[in-house]
Amino acid sequence: MISETVVELSRAQFALHAVQYFLFVPLTLGLSLLLAGMESWFVISGQGVYQRLTQFWGKLFAIGFGLSMVASLAMACQFGTHWSYFSHYVGDVFAIPLLLGFAGLFIAANGLGWFLFGWQRLGKWSHLVVTWLIAIGCHLSLFGFLIASGWMQNPVGAELNPQTLRLELFDLSLVLGNPLAWAKIVHSLLASYVVTAGFMLAISAYYLLKQREIELAQRSYRIAAAFGLVTVIATMAIGDVSIYGAGAMQHNKLAAINGLPNDATLEQNRRRIANGVKAYALLQELRDDKKEPELLAAFAAAKVDLGYALLLKRWRESVTDATPAQIEQAVRASVPATAPLYWGYRSMIATGVLLVLLFLAANASSILGWRHAWLFKTSLYALPLPWLASASGWFISEFGRQPWLVADMLPTWQGVSTLTVADLAVSLAAYGLAYTGLLALAVMLTLKFIAQGSVEVLPFNQEPSHVV
Amino acid sequence: MLFDYEMLRLVCWGVLGLFVVGFVLSSGIEIGVSMLLPFLHASEAQRAELVARLAPTSAGNQVWLLATIGVLFAGWPTVYAATFASFQPLLLLTVLSLFVRPLGWYCRASVTREDWLKKWDKALFISGLLPAALLGVMAGNLLKGVPFHLASDMHIAFLGSFSGLFSPFASLVGATCVALLTVHGAIYLQTHTQDALYQRSKALAMSGGLAFLVLFALAGGWITHLEGYHVTTDIMPSGVSNPLTKFVKRGDGLWLDNYEHEPALWALPALAFVCGIAALVLSRLDRAYWALLASAVMVVMVILTMGVSLFPFLAPSNISLNSSLTIWDASASLTTLSALLCLTGVMLPLMAIATRGLYKILP
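As you go down the protein sequences, you meet chains A and B in turn.
If you use the numbering used here, the first sequence corresponds to residues 1 to 468, in order.
If you use the numbering used here, the second sequence corresponds to residues 1001 to 1363, in order.
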């Protein structure tokens, strides 16, 4: 039996990496697009100020990218270290989109080298191509990672192979075209742009308050205000409705968000658990090298509910002889808790509305030329808002998936590695400390770059004399 | 379908090897130089230039590691799961020390207070030394066998301990790996420095190189008496991926089996030696560029030697022999391996060209 502490510690570890990831990836996504846009305008219009804008925001992009790399590396290892049964059970499907995400990350990471170093060495146009490649790479990596994460919510294109005891891919195009994943991609992308706009608005407002870098700050403020307003309205208008279109589990989540009773769902899950137990029993027979066609047919018919039998493993390792009380426990635990989802959703919407107001005011100010200190102060202190909205959205998505790791297929309880509590605690503490340190470092470096303004560039941009 | 299941498994195994090579060659330079930084007796201006040169490559180098992990996960999910969970404490230390870069390079380049720079030099040294040593220790543990057990429902039990991962043999492989990357880094420095710093790099390349040749020979000698693994039942290269359908035996010197059946394979360790010696001679004769090429070939040969010795195992288990994972019985499905091959067929050459290009525009 897997202990509750092991499961909770592994989940905490995943949440820690995910928080780190969701702090910085949205920022790099939006900034990469804006960098490409600003540099394109510099190349087309020839206005030098846009090159300075690109260089300044490029320095901050490099910090964000460095930190999102760190989180990706930790994430890439922790599926294996902490979720080894999950890795075995779904790796056949899950890892290909992940690798696609790494390919995107490579384009962006390698491009960043050329971007930082190549201002003198590359021509104007080649440098612009590099900047666009970074934007494409960042977006490709989000695409890959969200296809993988969307698949966990709506596992299509794969089925259980009784001989290998894992889910195997039968159609990659179903996985890549997963409608739920695409809805998530659109929603997360727009939300990421809002995060970037909020970040840019806050820093520009800081400069405007301090009366420094006026030219850079005014332009950045205008770009951020416009970009933010368009994207926040699009995020709210397209909404997350599309995300809840597919799959029974999304339906449960929606009910929880709206605070509706879930008796019908519980009843349905009770039936699926009963059917799942049958599938589980048949699977054991199949494992004994029996190959009768009737047996195979019966298993094929029942196997959609096999995951529901695995829910029972939390209380009864041998599944088939679970008592009615244990089955009742499993049924009750088969839907996520309502209150966190109810409030998580409302906090997301509330911050969304506040952000619309903020960006409306910011646009009005940059168009009408207002110079009110209170507006800039609000823009500055609103810095955490978009992150709050984005974090709530992520929380709804991940928490609403419980008790499943892969919807209807693999319960969270089953996915963990059976590491010792000491190992898990040490690893959690170490990562917690490391992330705190890195965060402090990133904030310090960001403040330093902001203090430097657009005058100084990173040393990699200067043409070095040869080492002598 | 261009390849059948057997061929696909073999080709994807080769692709995995190429990704390891790509990672070691690109990150190896960065790791090697980070380790050498305190021993170069370089002035602050020289250090700053070295940092400014390597910093832009750092993020890209790290993605080589990510991509290698991704290929292993996609190609052999169970191997990824069993080894990563078994090596959890080693990976924790490796990842934490890799956290220092690329951000550490930016930090070192952006603030010029002296006490700050000293601290960063130490941090960068550790972020070079630890991954080199620990990745080597992991490789050594693969040769020793990993303490995991596969239950009949494929749940993996982990029965090792942190101290158990540092057996004398695994530690020797770790040290070999550090020496290997030291030579590679020192020869890279030789191609990009002049005068005193050049002489210093040359000297470091020589001592690192001699250390590597001795350690590699020691590890080679030890392996002839180390317990190796062998599948005793018929191998089914196109069979289903269920690791529990075979029997495995363990015995002294079994890792040499492949070389006995295919004597041509002796060329791999031999070439590693020859190229190592050639790299040192060329470095001595001030042909730094050619020395770097020879050292790159040496790195490739060392990795190939490791892979070929293990073949067809990827992760043998030392406490539950029959749970051992091979390239034939722990791989992904036919569909996934095909997708993996298509994806990496595009990724690998582009990544290699882009990495080479980036190193090339650095002055």
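Because the hints were derived from the structure by calculation, they are not lab data.
One thing to keep in mind: the hints can contain errors.
The calculated EDC-like cross-link candidates involving lysine to aspartate or glutamate, where the alpha carbons are at most 20 Å apart (straight line), are [to be verified]:
hint, chain 1, residue 1, chain 2, residue 2
1, A, Lys291, B, Asp1153
2, A, Lys448, B, Asp1115
3, A, Lys303, B, Asp1153
4, A, Lys313, A, Glu213
5, A, Lys278, B, Asp1153
6, A, Lys448, B, Glu1114
7, A, Lys278, A, Glu213
8, B, Lys1144, B, Glu1227
9, B, Lys1246, B, Glu1114
10, A, Lys303, A, Glu398
11, A, Lys278, A, Glu292
12, A, Lys313, B, Glu1227
13, A, Lys448, A, Glu213
Under 10 Å between C-beta atoms, here's a sample of chain B residues computed to sit facing chain A [what the hints assert, rightly or not]:
hint, residue
14, Thr1057
15, Ile1069
16, Gly1075
17, Thr1083
18, Pro1089
19, Phe1162
20, Gly1164
21, Ile1319
22, Leu1340
Here the structure is a predicted model, which means the values were calculated and not measured.
Built from N, CA and C at the ideal position, the CB exists for glycine as well.
How the hints compare with the structure:
no., hint, result
1, A:Lys291 - B:Asp1153, "18 Å, holds"
2, A:Lys448 - B:Asp1115, "17 Å, holds"
3, A:Lys303 - B:Asp1153, "16 Å, holds"
4, A:Lys313 - A:Glu213, "62 Å, violated"
5, A:Lys278 - B:Asp1153, "17 Å, holds"
6, A:Lys448 - B:Glu1114, "17 Å, holds"
7, A:Lys278 - A:Glu213, "70 Å, violated"
8, B:Lys1144 - B:Glu1227, "7 Å, holds"
9, B:Lys1246 - B:Glu1114, "61 Å, violated"
10, A:Lys303 - A:Glu398, "25 Å, violated"
11, A:Lys278 - A:Glu292, "17 Å, holds"
12, A:Lys313 - B:Glu1227, "38 Å, violated"
13, A:Lys448 - A:Glu213, "15 Å, holds"
14, Thr1057, "5 Å, holds"
15, Ile1069, "5 Å, holds"
16, Gly1075, "8 Å, holds"
17, Thr1083, "7 Å, holds"
18, Pro1089, "7 Å, holds"
19, Phe1162, "8 Å, holds"
20, Gly1164, "13 Å, violated"
21, Ile1319, "14 Å, violated"
22, Leu1340, "7 Å, holds"
Violated hints, listed in ascending order, are 4, 7, 9, 10, 12, 20 and 21; each of the other numbered hints is respected by the structure.
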